[in-house]
Structure formats: structure tokens, C-alpha cells
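Chain A is fixed; fit chain B onto it per the hints.
If you're matching them up, the sequences are chains A and B in order.
For the first sequence, my numbering begins at 2 and goes up steadily by one.
For the second sequence, my numbering begins at 72 and goes up steadily by one.
In short, the hints are calculated from the structure, not lab data.
Some hints could be false.
Think about it this way: if two alpha-carbon atoms lie no more than 25 Å apart in a straight line, the pair counts; the simulated DMTMM-like pairs of lysine to aspartate or glutamate are [to be verified]:
#, chain 1, residue 1, chain 2, residue 2
1, B, K330, B, D359
2, B, K330, A, E687
3, B, K229, A, E687
4, B, K332, B, E346
5, B, K332, B, D293
6, B, K218, B, D146
7, B, K218, B, D230
8, B, K330, A, D199
9, B, K332, B, E320
10, B, K330, A, D727
11, B, K332, A, D727
12, B, K332, A, D459
13, B, K332, A, E687
Here's the letter readout for the chains.
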Amino acid sequence: MPGRSRLALLLASLATAAWGQSLEQCRAFELTAGDDALSCYRQLLVAGESAVRAEAAWALDDFPAANAAFRAAVQANPERADLRARWGQLYLEAQSAAEALNLFREALQLDPNDIDAKLGMARVALGGFDAKAEELANEVLAAAPGRHEARLILARLALEADDPDRAQRELEGPLASADPRIRLQAFALRAAMDHLADQVPSPWEDRARALHPGYGALHETIAHFYIITRRYREAIAQLERAVEADPRLWSAHATLGMNLLRVNRFADGYGVLARAHDAFPYNREVVNALRLLDDVMAWPENVGDGLILRIDPAESGALAGYVRDLTADALDAFAERYDYRPEPPVVVELYRRHEDFAVRTSGLPGIGILGATFGHVVVMDGPSARGIDEGFDWASALWHEIAHVVTLGATDNRVARWFSEGISVLEEWQTGPSRFQVDGAPAGRHAVPPDVIDAFRDGMLLPVAGLDEGFIRPRYAGQVGVSYTQAGLVCEYVAETHGLDGLVRLLAAFADGRHTASAIETALAVSPEALDRAFTTYLEERFANIDTVAFRVAVAEARDAVESRDWQTAFDAAERAVASYRHYVGGLSPYTVLAESAERLGRRDRAVEALTTYWQAGGRLTEPLTRLAEWREAAGNLDEALQVRRALALVAPLSGGHRVVLGDRLLAAGAAAEARREYVAYQALEPHDRADAHYRLARALFALDELEAARREVLLALEIAPTYSDALRLLTDVTRRSRAGSSER
Amino acid sequence: MSGPGVAALAACVLALAPLVSAAPHMVIVAGLGGEPVYASAFVEQAQATANAVEHVAAGVTLLVGEDAGRDRMRDALAAYRESPREDPVVVVLIGHGSYDGEHYRFNVPGPDPTADELADWLAPLPSEHQLVVLATSASGAAIDVLKDEGRAVIAATKDGHEANAVVFGRFWAAALTEPRADIDKDGRIDADEAFRFVEQAVARHYEDAQRIATEHPRSEGDIVRFELAAIAGEGLDATPGSAATRRDELLTEIDALRKAKGRHAEEEYFATLQELLLELSAVESELDER
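Isolated chain A, as found in the complex (with noise of 0.2 Å):
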């Protein structure tokens, strides 16, 4: 909740005797003259009340002081859920919301009944975009009617989720209040609706002003409904707005400094958090922002050909290649299936620290998610951060992103989160790095994870028209997982039977800033309800054939004989399973079983097959494709084996064995230009042998006839090792070749 409001909680068993009637005035100031409010605060500084000194220093933002006192209030009062309740307000106020939802259910336990704990749980849901945030504030409404702090909770659950009608209900009650900061609060998100309608300026935002001209918060509000709709310069703008009305709205500053960084602003965002961090210390986000930003702000930015890379100084050689010629093809494919290329610069991030990446995109660490796009700005975790064989396929990831960029450039950002996660998906499938492409089968039609068929069956899946709420506030285990595959299949689908067109007329409509039914409406001519039902047969075919039941009951009978080493069992029971669900590759994937137990019984050529499928379909195990890769390198079969070579330095790019092995291969087959990007990131991988390393790098520079640069590496090479042979002979050559290319000039 905006912070400024936080008076409006003011607990009634502190409004006694003199001091409450202070409290009472000073709050009464807020509203009207700033100054005298502080004035009024600093003198309750010395009231002989723990609780009404907590309070004054919380107003005036001392953190410790009022985290003290509290503590003193608690101490002095355990019985007191009020002031449990209280103290985990001024937590949450500081971004700490686990040290908040233990004050809160502290209280709770004091005193079931105590309706501002119940709202701080439910503010701490709301935070954390938890279904439970609903359940609880319908506690409150049912305990206490009259708490319309529960219906503004509501009201924004409701526009969170994009149902403008639910809000404007539920704002009803705290519209009328009595109470002029719940009705502040109402003028705000009511403004907040009209902005997401692009009906502005609004005639709400006149109404709070005209109440309370330093309220911030207004525009605060309005800036959380833009982030959330990923219009950030719009947020931006708003929040600008938010300090200029208060200049003392620390979490305005601090969400303002985040946005910033998340449309490339490094300069301007470190500035604004550094002077937020330095008036309020106390806000977790910050801190933790501003000390990932001294590092990230001291790496070399590598910028070129439209695109800004930021990767840890430590990878960038290693991966910086690789990162270019995906981006590139990306845009590329995506400019030709959606008739849409973003404006240049694209920004790309790498983090070797999944809690750094969740810093950079939340602030906060902890978050779940592996890849963000904001805007032009894609901001993703590294293959250090969670490797290939954690099912981090983080080349497919950044594939993702990259259909992101385009989908939210397309649409000025105003793309629902359902379709542009459904696009991302779909791009995975039919055109990433680890496409589905298997021999007889149709091209891109993933084997999605059995939980989604079983979600399908039990009848888990969402209307497409709210499937965004399987993403912002997911009501059972693996429901976002979910969500993003039947986007994917959603996308699929339309592909399918409406021919890409029918995407790229969906993102016509989006970007006339219409909602996922009229988006649908207008672009394919049929209703949400009608697209769910002929969505429905369409999986009810792709599925048809799939027994997921049986599926698991074979993979886990596959994997107990392989423990026990029966090859035959674990062979038989391995092809059951792919006879049950063809084409998956995923966490239970039976190829590779199968292909281990038919090696082991001798047939190599059953394996080599199934290990083929597995790859074909995507599956970027490290150790399958590499036996897979050596054994069509055994039999001969080198153009296909440097296919497989290929995706496994791409899918583990930190590997200089890898690389240095695909490396090798592309010069023997002629692909020197690809050689170079493989030499040169084994090179940054700093090999032992850092002689080898360079004469590889100056043997492929050779191929390619770039001499000089060709005799720096081999020099550098013989600098270390001056007998080296084979560089020896290189330089010979590389010296011939630039001598006779100068005699003929």
C-alpha cells in the first residue's frame, strides 16, 4: 500500500488521552500542510507511549527508532496483537514482507479476530501476487463490513486482473467513505482505470489533488497499473509525478530508480536510487539494487550491429558470440513471421547469479522466473547461473525473450501477458535453437510436459480470455507452468488454423490496445468462448494417442531396472514408454534410458536412433548428445554429428571442451567463420593451455585469410611455448602467405 496511507490504519487503542488526539492532528496535517505534520511527529517523539513514539518515527522515517519502540511496545504489551499487527505494517513498509507476515500472524495468533493483521496478510499477498490476497480480504469484508481497506484490496486484485467492471464495484463502498484516505486511495485506483482504458487525463486524478495536492500515491498507483502492463516509460512518467507531489514517497523513488534500469536508464536509475537510498536506508530493494548495480555498471558494455550486451566480464568471451548470432537470427526469423523488427538497440543481460538476475528485475531475490523482457531490454539468467542439466536451456530461453521484444514493440507494450508468452513458447517450438524437428513428424509440434495433458483432462486448463490469471496469481502447484504451455498450444493453434496471419492480425489487435476477447473477436472472428471450445477438440486430437498413465508407470519401471541394471527390462520397458508418449523429452524422458540399455545390449543402431529422436525432438542433455555426437563421429557420420556438436556447445557454452571440440570440426569442414567464434570463446574460457588455445584461434584466422590477426595468436602461442611445432609451421605459412600477398600488391 502507498505509504503515505499508512495513517489511515492508526490502531484505535493508541487514540487515548492527550497523546492519541496528537496522533489524531498530526494525521489531520498530513492532509494539508506537510511541515506542520512533521512538526507535530517530532513531538510525539518524546511521548512516555512506546507505541505512540513508534508511530512518530515511523512518520518521520526512522526506521530503527520506530522498530525499536515498537519492539518496546511489544515487550511492555505481549498480549497486544494490535501492536504486532502495527509493527508488521512498518516491515512491509520496508519492503521486508517475511518479518511482516510473522508479526501478522503472530497477532492472528493473540487474536483470531484481529482484522488489520488479517489485512496485512492479505496486503502481503497482494504484494507477492497470491491468490490467497482475495480469500483473505472477503475474511475481512465477512468479519467487518464496514473495513473498506478489504474493498480496495479487492478493487485492485480485480484491475490486476484486467476486469475494470469488478473494480468499479468493488470501489463503490470506499468511494462514499467518510474516511478521506480510503477515498484517496479510491480516487487513485479509479484514475488508475481510466489510464489502463487510455482515458486520459482523468478526471479522478483532479479529484484527489483537489483533496490532498501532496498526495503522491495517486500517481504511484498509476505507475504499478502501467509497470504490470509492461508500459513502462508510461510508469516512469507517473512516478516522476509521485516524488515531484511527495518528494518524500521513498517507495515512488525507489520503483522510479528500478524503471529506469529496466528501460536501459543505468545513469539515471543508479542516481535516483543512490538519493532514495541515502534519505530512506531502510528499503531491502535498494540496497540490494544499488550494490548489484556497482558491479553490473563496471562491465563493459559490448555494443554493435543494433545490440547492447551486458555479461560479467568473466563470460563475455564465452558467450558474447553466441548471444549475437542468436539475437540476430532471432529478429531475423521473427521479422519474417510477424512482419515486425524492433527499433535498435536491443538489450541483452546475462547474470552468472540467478539472485543477481532476480535483483536486477525485482529487486527483491527470490523470484522464480529465469528470463524478463522489458521493452527492448531482455534480462535473463546465464548458463552459469543454472545449467543445461538442471533444464536450463537458457539458448531457448533467450530465444524466448527475444519473441518478446517483438511482441511487446509490436504492440507498444499493450500485448496481453497470455498471447506474448503463447508467442514466445510457440517460437521455441518451431523456430529456437532446440526446435522440434523430428524425421516424419510434424515440424513444431512439441511433446508438451504430461502434466499439462492431465491438466488438460481434468479440466485445469483456463478460458483463454483469463488466462493471464494463470500466470499473475496461480491457484494451484505448477499452474504458471501450465499456463505457459497452453499458451504455447493457444498459439499453436491459431497458427494452425488461421495460418500465422491469424497471430500477427492478434497483435494488430492488441496493439489497438484491445483486450484478449475483442482481441480475438476482431482478429479471427470468433468469440473466446467459441475459440475455447474448437481449442478444446483441437487437444483432444494432438493428444489422442497419448496414455500418460501408462507413460510414467513404464518410465519409472525403466529407470528401477537400470539401478538394478537389467538392460532388457529397462530396454522393454523404455520403448512402452515411448510407444505411450512419443516425442517427449522432458524431465522423464525415456530416450536416453532406452538408449543406454539398447547399447548395452548391443544395439547400437536402436540407440544411435533414439538418441537421434531425443535431440531431433529437443531434448539438450549434455551426456546423451555427447555419446550421441561420438557415435555418428564412430560410424562416419560427421555432417550430422557436427549438427549435434552444434547444439551441445550451444546448450553448454562454458564448456571449453565443447567448444574447442566443435571448434575443431567446423575448420575440418570447412566452416572457419563458426570456427573463430568457437576458438575464440575457448580462448575466454582461459584454458590451460593457453598455447594451444591461440594457435587454434590463429589456425582458423589462417583458414579465413585473416593474416595479421593470424600472426598475433600463433606469436602468442610461441611466446609460451616457442618449440610448439605445429605453431611453428603455422607461422611459416601464415608469414609465406602475407609476404606473397604483399610481393603481388
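Positioned in the frame of chain A, the structure of chain B alone reads:
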């Protein structure tokens, strides 16, 4: 050497003809494993080390199993009391070590020798080039005790508190036969090259396993001078004649140029280096044709 099973292992002394005049005397010991998986691994690593060094070493004493006790270690070193002072002595201990806050101990059958005892056994040897390689847990604790003038030390851990079983020994044995460990491509692997190879391999091992590294190898002293193994494919032949003399001169000039790199303009440096290397290449070709 063949690869006998653990139970059949006995002390085995290989008296090999030295390839060069300052070939090292090697004592390689596999300590107690405690668990079968460690016991067999230590023996394999010790044997692999012995195999790798046999073409370079003046002699190899390999102590494994029940013969790898404290007294046998002492006696093996005492055998070099009459060796010339220019002959290097290299001791490689592979196994578990421990540190009680005061003493480092190498775990062997019977009483465990301490770092102080090992220092006492090495001190009377005339060799002015001694190297101790401690591929054990807690071995960092022994460095200060063992390091001395003329004696270098390599340890698998930075101090005595890194007490988990180490992977250092596995990579040490590998380094001695690994062409990639041969940084200067001279066909020989010296202790510095092996150490740097192992240091990187250990770090990558823990990174790949996504585990916090529980060992951080350290070296103290001039370890470059200890030539430990020869690998196939590269290397200098001791061919007499004017071409060989010129090759040696060129290598000396190249070495001098490299040491003076900072005093040259970059392009001038590389141009000079190139000319020297081209001549070296020609000389090498001449030598190859003989």
C-alpha cells in the same frame, strides 16, 4: 608397470636409467583409504603417477598397501642419503591427511607420519632440489613445516582446515600424461605445469558439480625446475651438431626477448620474436630431416 590388486601390492622399487643428468628420485606413497572406493583410487593414482614419471625419473619407489607405513617411507628417503646434491628428490603422498590444530599427519597403516617427521627425513639428504607433493586433505597445514631453502611444496588444500577428501590426486596423476598440461610444448611436464593444470581442474570440478570447493591447492617455492614427466609428440632431441647449437642459442635469445617484453614497443617485440621463431622453425626442420 603392471597394475596389481591392492591385496597383492608390495613395495616396488623401479631402478630406471636416467634420461637426463638431473633426473629426480621419486618416492610415491598411497596412504590408507579407509573405504574401498578411496583405497583403490589412491593406489590407482599412485600407480598412474609412477607410470607417468618412470621415463624421466632416476628411480621410483612406489609404496602402497601395507608397505606404505611410516618406517618404509623413512627408509625409502634414507636411501638417497648418498645421492649427489644436484639430484632432485620428489616425494608424492596420495591419500587422507589430518590436522589436529598442531600437527599434520598422513594416514598410513600403523603410526601416521607427521609433517615434522617428513621434514626430519628430508633434511639430511644432500639433494638441493627437493619437492614434496601432498595430495591429501588438510595438507595445507604441512606447508610451513616443510618449506625450506631448496625445498618446494605443493599441497592439495590451502590450510589444515580443508579436511574433506580431495580430488587433487586424481587430477595430479592425469596431469602427468596430459598433453594439454604441457604449457610450453617442450614435451616435458614440470611440477609448475602439473600444478597449474590440477589447480584449474580442481576448481572446474567443483564448479561443474555446483558444490562449494572444499580444497584450494597451494604451492610454495620454485616448483618450475622439477621435471616430472615426458609426453609423446613434442620435445627437444639432444641431437649434437651446429643446428642443435643454433637452436639452443635461439631459445636463449627468445627467452631473453620474452623477459624484456615490457621494454620493447609491441610491434617491434612481435617482429623480433617472429624473426627468431622463423629461424627456429627452419632449424627444427633441418634437425627433423636428419
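Each hint tested on the structure:
1. For the given pair, B/K330 sits about 28 Å from B/D359 by alpha-carbon distance, which is inconsistent with the 25 Å threshold.
2. For the hint linking B/K330 to A/E687, the alpha-carbon distance of about 22 Å falls within 25 Å, and the restraint holds.
3. With a C-alpha separation of about 22 Å, the suggested pairing of B/K229 with A/E687 holds against the 25 Å cut-off.
4. Using a Cα cut-off of 25 Å, the hinted pair B/K332 and B/E346 holds, with the two alpha carbons roughly 15 Å apart.
5. Between B/K332 and B/D293 the CA atoms are separated by roughly 22 Å; this keeps the pair inside 25 Å, and the hint holds.
6. Among the hinted pairs, B/K218 with B/D146 is consistent with the structure: their alpha-carbon atoms are about 21 Å apart, no more than 25 Å.
7. Note on B/K218 and B/D230: the hinted pairing holds, with a Cα-Cα distance of about 14 Å set against a maximum of 25 Å.
8. With a CA separation close to 70 Å, the supplied pair B/K330 and A/D199 exceeds the 25 Å bound.
9. Only pairs whose Cα atoms come within 25 Å are accepted, and B/K332 paired with B/E320 is accepted, the gap being roughly 18 Å.
10. The suggested pairing of B/K330 with A/D727 holds, with an alpha-carbon distance near 24 Å, which does not exceed 25 Å.
11. Straight-line distance between C-alpha atoms of B/K332 and A/D727 comes to about 24 Å, which keeps the hinted pair within the 25 Å bound.
12. Restraint check: the Cα-Cα separation between B/K332 and A/D459 comes to about 73 Å, which exceeds 25 Å; the hinted pair is violated.
13. Restraint check for B/K332 and A/E687: the C-alpha separation of about 22 Å stays at or below 25 Å, so the hint holds.
Of the hints listed earlier, those the structure fails to meet are numbers 1, 8 and 12, in rising order.
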